[in-house]
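S.K.: Line order of the protein sequences matches chains A and B.
Residue numbering for the first sequence is 1 to 531, as defined by this note's numbering.
Residue numbering for the second sequence is 1001 to 1510, as defined by this note's numbering.
Worth double-checking, as some hints may not be accurate.
[Stated by the list, open to error] Calculated lysine to any residue pairs in the SDA-like style (CA-CA distance at most 25 Å, straight line):
| hint | chain 1 | residue 1 | chain 2 | residue 2 |
| --- | --- | --- | --- | --- |
| 1 | A | K132 | B | V1223 |
| 2 | A | K125 | B | A1215 |
| 3 | A | K126 | B | T1219 |
| 4 | A | K504 | A | G314 |
| 5 | B | K1169 | B | W1090 |
| 6 | A | K175 | B | V1384 |
| 7 | B | K1220 | A | E128 |
| 8 | B | K1307 | A | S151 |
| 9 | B | K1179 | B | G1167 |
| 10 | B | K1124 | A | H59 |
| 11 | A | K65 | A | V75 |
| 12 | A | K82 | B | R1374 |
| 13 | A | K126 | B | L1115 |
| 14 | A | K132 | B | R1374 |
| 15 | A | K471 | A | D495 |
| 16 | A | K125 | B | L1115 |
| 17 | A | K125 | B | W1357 |
| 18 | A | K125 | B | R1221 |
| 19 | B | K1220 | A | R133 |
| 20 | A | K132 | B | S1210 |
| 21 | B | K1005 | A | G314 |
| 22 | A | K125 | B | A1201 |
| 23 | A | K132 | B | K1212 |
| 24 | A | K132 | A | D153 |
| 25 | A | K462 | A | D408 |
| 26 | A | K132 | B | T1219 |
| 27 | B | K1268 | B | V1242 |
| 28 | A | K125 | B | P1107 |
| 29 | A | K125 | B | S1210 |
| 30 | A | K126 | B | L1119 |
| 31 | A | K244 | A | V268 |
| 32 | A | K132 | B | K1169 |
| 33 | A | K82 | A | S46 |
| 34 | B | K1179 | B | L1103 |
| 35 | A | K175 | B | L1119 |
| 36 | A | K82 | B | I1382 |
Quick caveat, the hints were computed from the structure, so don't treat them as lab data.
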Amino acid sequence: MDKPYVLSMKGIEKEYYGNKVLKGVDLYIAPGEIHALMGENGAGKSTLMNILFGMPVIHNTGGFKGVIEVNGEQVNIDSPQKAMELGIGMVHQEFMLIPGFTVTENIKVGREITTPTIASSIFGKKLEALDKRSMAADARTALDTIGLDISEDTMVRGLPVGYMQFIEIAREIDKSGMQILIFDEPTAVLTESEADRLLDAMRTIAAKGIAIIFITHRIDEVMNVTDSMTVLRDGTLVERLITKDTTAARIAELMIGRKVEKLVEDTVDNRTLDDNDIILSLRDYYVDMPGEKVHGIDLDVRRGEILGIGGLAGQGKVGIPNGILGLYEAAGEIVFDGEKINPNKLGDALNKGIAFVSEDRRGVGLLLEETIEQNIVFSAMQVKEDFLHKFGPLKIFDAKAAKAFADDMIQKLDIRCTGSSQYVGRLSGGNQQKVCLARALALAPKLLIVSEPTRGIDIGAKKLVLELLVKLNRETGLTIIVVSSELNELRSLSDRIAIVSDGKLTAMLAPDASDAKYGLAMSGSKAGGEE
Amino acid sequence: MKNKKLLSNVGSILFENKVLILFAVLCIFCISYSEVNVSYVSGELFTRLGRNACLVLSLIIPVLAGLGLNFGIVVGAIASQIAIFWVVHWGFTGITGFMLTALIATPLAIIFGILVGILYNKTKGSEMITGLVLGYFADGLYKLFVLYIIGGVIPFDDPNLLPRGFGLKNAFDLTGSLKYSLDDISLLEVVTVAAVIFVIAQIAIIIYKSVKKQALGLTKRIVGIVIAAVLGGVSFAVTSVVTTLETAIANGTGVPAIVNKLAPVCYKLDNLYGQTRLLLSDAIFLFGVVAAIVFAVKLVQALISKKSFTRPLAGMIAMVLIIVLAMIPAVNAVTASVRIPACTYAMIFVFCAINNWLLSTKLGQDMRTVGQNRAVATSAGINVNRTRIIAVCVSTVLAAWGQLIFLQNLGTFNTIQQQTNVGLYSIAALLVGGASVQKANNKQAVIGVILFHTLFVVAPLAATKLVGDSAISEYIRMFLSYGVIAAALAMHAWKKVKKKFGNDKKAEVK
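Whole structure, please, built from the sequences with the hints as guidance.
M.R.: Written out as structure tokens, the structure is:
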């Protein structure tokens, strides 16, 4: 090594319950360097940073393998406190700020300046009085360093989101001996001008000799501000790059690139898709789903196609179906098969023939303590009043019809179980997903929306679920929208793939478009904007 | 435009304080409907204020530490009652007995507080329901203790208290032992003792700081010492002159000339402030004058350092107004008919001071941080569980002292179930004052006690008048306490929903 690195992580490996998420990753950063850590969701970025920050989640799950060196000395980081003592700081993606505190109190949280008193000399340091004046002075210095011009006495509650990010940074640089600062997707919630200011602040901080690890998926920003980067994919180190020697397209390719394995066997396809036969159209569509906000999307779905919706986690792709179904507040025009849908009326979409299989299978998708039969017929019973005998105002459950239907579905979808009276909670993930699908099908929908169909399912079952979706589409002509974080999956079954970034549609791509195109579209890069 | 803004400001202030306003209106309505004598109500009220305020003040720290309303203060009350049994059994009386009880109750309360705190840490997020159930559980254990274990297992030989050899008798009379042990200390004695303590503390601080080589702030401290010395000297002189004269008259001996000269003034002062119970009108006058002087000093300080002087000025004007208002004959007729125990009321100030002081320390800041956001606190290196346990301990100890103050004023209590409703009544009072599960302060506690206990006194009277049956009053009180808690919590929830909606609107505009 010719350069003295402030931080070296060598051969880092980490397992969660037998599932290897990091497979020997190296990371080297020199003082004053801005270093990007790039990768898709699940590439292992967060795990690597959790290890560096000594988060309890790492040590509660059996620790990790590998060596961490700070300034050339091997260190054992077993708690966030230890990390802080070594001069490692983190600016969190979700703000770790207290709204009811002033800016000063937030910057100094846990590190208040105190003066000893008589009580403290008897009962211990905890009873020392706060030295508010020195605290305010320190806060002012930190704020001035990053060029934030607000009073240090202001309450954080009510400040614009952009300011909060800066207060977080001020808190980190106020810590003495700060050597390495981790920025976890800092620009995700900022407007463009705020993001520019943030990048400026990062340069200022780096100029002081503090090394910065910049976690982001925005390739434009990486090109703009960083010196070097490490690209991860599926828990392995792809390459360490020097920014000025590379291009955006190359980074995108490295992030996405993988050999495309066929997840779905080719089937006979005698569908004819008509660009003018639109079953669902969204215009200026907004959804307020926490963490998955949608900011104005126009989208048309053709009758009979399988449309994939992809994008990184937290960019809004999951918000799209949840808004249509009325699970979160939504606005905009939704026209389904010639009829308008009111997204803020729960059940409107269901009644008009849209079925939804939620990404949160165990939370909102299934009644775990109920039988397969109950789960399959439940929605149809509620929405369409199927499986009910009607005696005037009384409605009585038609057990016979329900059982017949459930048995039929079990056979058709090949649900592996001991019978229709087995409890859903006992089934494997793949079979649970099939029960969800069976329930959606019980509604006899015109459009099926499946969100994250293969989350938490093993490879074999994954294939079965995806093949089932294709089969449904080919045989019954059912229109299907698949929302998934797994690009590979989308590319193997969809006719078209819409990529969502930052709550907006950035590209509509064919399944065989290049990796670089996908990478750029997912990172929201303007270069990937065209279709 | 300006008018509109002012209007919306007034509107939002009214909305912020809607709980307070609702109960104030309810109080006024009940008073006027029941046509009760105002002197009677204020007499009752001021007795209850002195009794209950300290208990309610013990709830504030846990609220700020994010533990919600601590129904677990029942265990503090239990600690206090257990201490009382032994102190009475040993035969200690008066202020000695009071201090000894507090001394025994404190470690008990700390142990109980740690246990409660550990339990709360295991049930994060549902401390209130845990506290409520825990209160019932502790109540049951305590009953077992009182009815069987004391005398039955733990030797306790006192035929007066345990007629059967085990199990305390139902009504526990404190007459002649702890009754009025605190109430009977006159204001002059309080001032004398407080001045001595203050002077000693200041001298200790000066020595401590000069040893530690910190900034002394000497002028400020010396001014403080001088003022305290003068006040203490005067109050001591007044009491000693009066006692000397009285002994002289009783013994028929002569007195020094100087005592004779001072006698008229001293008698006057002693008559005003030396009684065991202070006339409310005198107390208001004294409080107003002292507070006005304090505000005046602050005003001068603000003017010198050119800071905003609106607050001290407003405070001064308010104090002058209070003094003037108290002189209106109609008001004076009421205040001159009520007597309050000086030392017990002084304890309210002490409790407020304890809360404030604690919050100004590093520990207090940790508590507030933990209360606002546990994740942030953890990542800032604060030991969340420990901080929460300390907060519960402080609350339990304050509650134990509060219950002791309560009982010495009451004079006799029901051995078995005096503590049962301590949590309920205190929490209801705090909520009426405008506090919520996340926010509470001393002011809200005191105002809450005033409003809640006014209701407590007049609502049954109003109900009796309405229905014409006096048996209803007990039901009304139970209904009132639970109703108040439910109403205040519901109204607070209303506030929060409204806020969220507002934010959404803003987001849309963006």
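S.K.: Indicate, hint by hint, whether the structure satisfies it.
M.R.: For each hint, the structure was consulted:
no.: 1; hint: K132(A) - V1223(B); verdict: holds (24 Å)
no.: 2; hint: K125(A) - A1215(B); verdict: holds (19 Å)
no.: 3; hint: K126(A) - T1219(B); verdict: violated (28 Å)
no.: 4; hint: K504(A) - G314(A); verdict: holds (12 Å)
no.: 5; hint: K1169(B) - W1090(B); verdict: holds (17 Å)
no.: 6; hint: K175(A) - V1384(B); verdict: holds (21 Å)
no.: 7; hint: K1220(B) - E128(A); verdict: holds (20 Å)
no.: 8; hint: K1307(B) - S151(A); verdict: holds (16 Å)
no.: 9; hint: K1179(B) - G1167(B); verdict: holds (22 Å)
no.: 10; hint: K1124(B) - H59(A); verdict: holds (22 Å)
no.: 11; hint: K65(A) - V75(A); verdict: holds (13 Å)
no.: 12; hint: K82(A) - R1374(B); verdict: holds (19 Å)
no.: 13; hint: K126(A) - L1115(B); verdict: holds (21 Å)
no.: 14; hint: K132(A) - R1374(B); verdict: holds (23 Å)
no.: 15; hint: K471(A) - D495(A); verdict: holds (14 Å)
no.: 16; hint: K125(A) - L1115(B); verdict: holds (24 Å)
no.: 17; hint: K125(A) - W1357(B); verdict: holds (15 Å)
no.: 18; hint: K125(A) - R1221(B); verdict: holds (24 Å)
no.: 19; hint: K1220(B) - R133(A); verdict: holds (19 Å)
no.: 20; hint: K132(A) - S1210(B); verdict: holds (22 Å)
no.: 21; hint: K1005(B) - G314(A); verdict: violated (39 Å)
no.: 22; hint: K125(A) - A1201(B); verdict: holds (19 Å)
no.: 23; hint: K132(A) - K1212(B); verdict: holds (20 Å)
no.: 24; hint: K132(A) - D153(A); verdict: holds (11 Å)
no.: 25; hint: K462(A) - D408(A); verdict: holds (22 Å)
no.: 26; hint: K132(A) - T1219(B); verdict: holds (21 Å)
no.: 27; hint: K1268(B) - V1242(B); verdict: holds (10 Å)
no.: 28; hint: K125(A) - P1107(B); verdict: holds (21 Å)
no.: 29; hint: K125(A) - S1210(B); verdict: holds (19 Å)
no.: 30; hint: K126(A) - L1119(B); verdict: holds (23 Å)
no.: 31; hint: K244(A) - V268(A); verdict: violated (48 Å)
no.: 32; hint: K132(A) - K1169(B); verdict: violated (54 Å)
no.: 33; hint: K82(A) - S46(A); verdict: holds (18 Å)
no.: 34; hint: K1179(B) - L1103(B); verdict: holds (17 Å)
no.: 35; hint: K175(A) - L1119(B); verdict: violated (35 Å)
no.: 36; hint: K82(A) - I1382(B); verdict: holds (13 Å)
Hints 3, 21, 31, 32, 35 from the list above are not met by this structure, while the remaining hints are.
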